[in-house]
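Number of protein chains: 2
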Amino acid sequence: MTGGHCAIRGTFFDFLDDPWKHVGQEQDAARFIADGLLVVKDGRIEDFGPFTEVSARRPGLEVTHLPGRILMPGFIDGHIHFPQTRVLGAYGNQLLDWLQNSIFLEELKYNDRDYASQAAEHFFTALLAGGTTTCQAFTTSSPVSTEVFFEEAAKRNMRVISGLTGIDRFAPPEVVISPDDFYKESKRLIERYHRRGRNLYAITPRFAVGCTDAMMDRCRQLKEEHPDCWINTHISENPSEIRTAREHYPDCPDYTSVHEKHGLLGPKFTAGHGVWLSGDEMRRFSKAGAAISFCPLSNLFLGSGLFRLGRAKDPDHPVRLSVGSDMGGGNAFSLVRVLEEAYKVGMCNNTMLDGSVNPREQDLAEAERNKLSPYRAFYLATLGGANSLYLDDILGNFEPGKEADFVALDWNAGQAAMAWHQSLAVGDGGPETMEQAAKLLFGIMAVGDDRNVDETWVAGRRLYKKAAG
Amino acid sequence: MTGGHCAIRGTFFDFLDDPWKHVGQEQDAARFIADGLLVVKDGRIEDFGPFTEVSARRPGLEVTHLPGRILMPGFIDGHIHFPQTRVLGAYGNQLLDWLQNSIFLEELKYNDRDYASQAAEHFFTALLAGGTTTCQAFTTSSPVSTEVFFEEAAKRNMRVISGLTGIDRFAPPEVVISPDDFYKESKRLIERYHRRGRNLYAITPRFAVGCTDAMMDRCRQLKEEHPDCWINTHISENPSEIRTAREHYPDCPDYTSVHEKHGLLGPKFTAGHGVWLSGDEMRRFSKAGAAISFCPLSNLFLGSGLFRLGRAKDPDHPVRLSVGSDMGGGNAFSLVRVLEEAYKVGMCNNTMLDGSVNPREQDLAEAERNKLSPYRAFYLATLGGANSLYLDDILGNFEPGKEADFVALDWNAGQAAMAWHQSLAVGDGGPETMEQAAKLLFGIMAVGDDRNVDETWVAGRRLYKKAAG
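Protein chains in written order, with my numbering: chain A, 1 to 469; chain S, 1 to 469.
Any given hint might turn out to be false.
Since the list gives no way to pick one copy over another, a pair counts as held whenever it fits inside one copy or between any two copies.
Pairs of lysine to aspartate or glutamate, DMTMM-like flavour, derived with a Cα cap of 20 Å [unchecked claim]:
{"#": "1", "residue 1": "K287", "residue 2": "E247"}
{"#": "2", "residue 1": "K371", "residue 2": "D217"}
{"#": "3", "residue 1": "K371", "residue 2": "D97"}
{"#": "4", "residue 1": "K187", "residue 2": "D217"}
{"#": "5", "residue 1": "K223", "residue 2": "E260"}
{"#": "6", "residue 1": "K439", "residue 2": "D97"}
{"#": "7", "residue 1": "K41", "residue 2": "D28"}
{"#": "8", "residue 1": "K109", "residue 2": "E225"}
{"#": "9", "residue 1": "K439", "residue 2": "E106"}
{"#": "10", "residue 1": "K261", "residue 2": "E399"}
Calculated from the structure, these hints are not laboratory results.
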C-alpha cells in the first residue's frame, strides 16, 4: 500500500511511558534522539535509533533528512465531529442550544454525498495541516457521511475510528434515526469498513440526551455481536445537559451509570468531555478501563467548564485520557491549540486547588497534576491518546513494528514573536538535549499553532507540507 | 509628519456607541459602509463616508483600493508588557512565582540599551502584525527601557501610553527602584516624552504587592503635579496576590481602596485584570471613571481566573473596559486571540450564572452580558478601548478629525478550515450588509488569529503588510 523502504533522518522525540507516573523526573517517560534515523517499510517502522547505529546496520537506504525540525509521532485526536467542519466556532450558545441552532441543520447536509465529499476534503486537509494523523470521529445519523468519511480516510491511508452516529430524540425529525435502523445500518457499515485498510469502527450513541433506552440497548447488542469494535460517545459536558440526561434516565443515579446500565463502559469505550464527572464516576471509569477525551478548546468555547485533569490523573485511579479538538464545539483543528487550552484549564484548576480561594478545596497533589508540562501534554497527544484508544500496540511512538505516522515540527514558525522566544531555549543548531527539546515543545504549545506543523507523514509517506510564507 | 493627502477605498466597519447599551439591537451601535472612502491628511481623517459621496466632493485624490477586506480602526491594547516580549508563554507558574522565576531576570536585561532596542524592534513588529496600533505598556524600573520604548514608538509614529514602572519590593535588589529615584526619573521622562509626537505618559506603580506606601505616595504626587498624565497599574489578578496585597495594606479593606487611599482611582486610571474584584469595587471604579483592562489570554494562561465581564458591564454601574493582551502573561500579541479568549471566559461565566450549577447564583441579565458578540468584542478592541483610556476624542473610529490608524482584515486567512467556514456568511463578493460583516468578524475572532490581519496602517501610512504564503 505504501511500498518499499524509506528512511527519515532528524531529531526525534517520543514517549515510552506516562509522565504523570514520573513526577519530578518526567524525562524518564520520554525518549530523545538528537540525530536519529527512522526506517520505514510498507508503512511500518522497521528500525529506529541513533543515526550512526541504524545507518550502519541499514546500508544503502535512501535517506530523507529533515534538519531543523522535531519529529514526533503523529497527533491523535480522540474526539472530533466530521460534519461540523464548516460550522466550527459558531456564535452564541451553550451546548444544547448550540446543537439546535447551529449544528443539526448543517449535519443534515451530509445526507448529500457530494456535500459530504467536499467536506471530507476540507476535514482531512485541516487535520493533516494540524499534524493529526489519527482521529476518532463522529459522523451523522445518515450512513452516507460515515461511508464518505471512511472512504476519504482510506484514500489517505489514515488510521481512523468512526461510526454511524445514533440519535433518536432531541433533534429535528430529519436528523433522528430509529434504533432498529441504527442497528441495521451499523451492522452493514461494520461489515463494510471495520478493519478494512486502516479503518476501525466505533459503535456511536451520540449522547444520553439524544438516545433512548432502546437506542442504548441496540448499542449494547452491537457491542456484544462485534466485541472488537470501539464505542464512542459524550458524557457530562454541560450542567443543563446533565440535568436533562438525568431526567431521561431517572433510574440512573449519575451520568456514568447510564453507560454502565447498558453494558458499554469498558475497554475501547471513550466518552468526550467528562467536565462534571464526580470523583466516584472517575474511579469507575478507571476500573472499567474506559477513557475520557479531554476537549479544552470546546469546553471553553461552549462555556462548559474546566475539566478536572488532576483528578482524572489520580495515581490510585488513573483514567485513560486522550485530548480531543471536539471541532466544531472546539474552534480549531490543531492539537497544538488544544494543548494550549489544556494548559490553561490545568492552570485554572491549579489555582482553585492551592487553597488561596477556598482552604476546604486545597489539594496540592491534585493541583500539581493539573500542570501540563510539555512532557505530559505531548504524551496526551501521542502515546497517551493511543493508550486511551487501545491503539498503543500499533501507534503512539517510534517503536519498531508500529505504524509510521509522524509530524515534523518547526519550533520557530507562528506569530511574529515566536522565533526570538525560542532562541532562549536553543541556538541556531537545534536541540541537543531532551530538556532543550522539551522547552521548544512548550514554546510551540504556548505560543504556537498549526503553523508549527511543517510536515505530516502517514504510513511513511509525506501527505502535508506547509506552504512557504 | 506623514505628509499630504491619501484616500483609502474599501469596506468599513466601526462603532459610534457601546453595543452593551443596545441589547437586542447592537447594530445601532455600529456603522458599516460596504463601499466607503477614507480621506487622510497629515495623519488625520479629513473625510469619511460612502465612496460615491466622498469621491464626488474630493476629486483628484489618488485612491488606494483594498478590496476583499474589512477595514476597522486600529486595535487598542490596554495592557501589555514591553520587556516580556521574549518570555511570553513561560511555563509552569501562577502570577507571583511566574514573576520571580521567569520575568524579573528577563526584565533586568532591558537596562542594556542594545538589548532593549532589539526587543523594541520585535515588540512593535509583533504588535503591528496583530493589528494593534495603540498600546498602554509597562516597561521596567530602569529608565532605559522607557526611553527606548518611546523612541521606537515615535519612529513609527504610533500613539502609545507608557511610563517608568515602579516597584520597590518583592523583586531582586537589581530590579527595584527607590520611591525617590522613581519620582525623579518619572519627572524627567514626563518632561522628555509626554505629548511629544504621539507619546503619552502614564505614571506606573507596578502593583500593590510590589509598591510600598512611599511609592504609592510618590505616584500621587506625580499625578498632582502632572494631572494630564495617565496612571497604569494592576489589580486583583490572582488570589494569592490579593492576600499578599492585603497583608501589605492592612488599613485597606480591599484592593481598590489601596488606590483610593493614594488618590489614584479616577479618570485616566487603568488597572489590568480585576479578576476578583467585588461588585462594590466595580461600582467604585464606575463612579470614579476608572478603567479595567480585561486580559483573558493571561488570566487563563496564568490560571488567574475568569473576569466577570457581565458584572463589569452592569448598566447601572458600567466600568470602562479595554481588552489587553498582557503579553507575556498573555501568550500572544494578537487582539484577535484576546477576543477569542474573552469570548470563552464570557461563555464560562454565562454557564455559571444560568442557574444550572447553582440556583443561588442565577442572574440571567448578567449571564447575557457575558456573551461577547462580534459587536461587543470589536467595540472593546477599538472605540471601547479608546473610551476606557480617555482617547476617544482622537482614536477609536473613523470620525473626521481622528487619527488615521486602521487595519485591513482578511476574513479568509488563518487555519485551513477558515475559508470554507466564512463562505457560510458571504459569497465571493464580500459583505453587503452589517450583519454579514459581523458574521465574518465573529468568524475571525472564533477561528482566526494574527493571520487575519492583512495590513496595518498608522497615521495614514501602511506599516505592515502580511507576507504572501
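Against the structure, the hints:
Proximity of K287 to E247 under the C-alpha cut-off of 20 Å is found in neither arrangement, the shortest distances being 26 Å within a copy and 46 Å between copies. Proximity of K371 and D217 under a CA criterion of 20 Å is satisfied in neither setting, with 39 Å inside one chain copy and 39 Å between copies. In this homomeric assembly, K371 and D97 come within 20 Å of each other (Cα to Cα) only across copies, at 14 Å, whereas the closest approach inside a single copy is 32 Å. In this homomeric assembly, K187 and D217 come within 20 Å of each other (Cα to Cα) only inside a single copy, at 14 Å, whereas the closest approach across copies is 77 Å.
Proximity of K223 and E260 under a CA criterion of 20 Å is satisfied intra-copy only: 13 Å inside one chain copy versus 66 Å between copies. For a Cα distance limit of 20 Å, the shortest separation of K439 from D97 across copies, 18 Å, qualifies, whereas the shortest one inside one copy, 41 Å, does not. Proximity of K41 to D28 under the C-alpha cut-off of 20 Å is found in neither arrangement, the shortest distances being 29 Å within a copy and 64 Å between copies. With identical chains, the CA atoms of K109 and E225 are never at most 20 Å apart, being 31 Å at best within one copy and 67 Å at best between copies.
In this homomeric assembly, K439 and E106 come within 20 Å of each other (Cα to Cα) only across copies, at 16 Å, whereas the closest approach inside a single copy is 41 Å. In this assembly of identical chains, the alpha carbons of K261 and E399 never lie at most 20 Å apart, being 38 Å within a copy and 64 Å across copies at closest.
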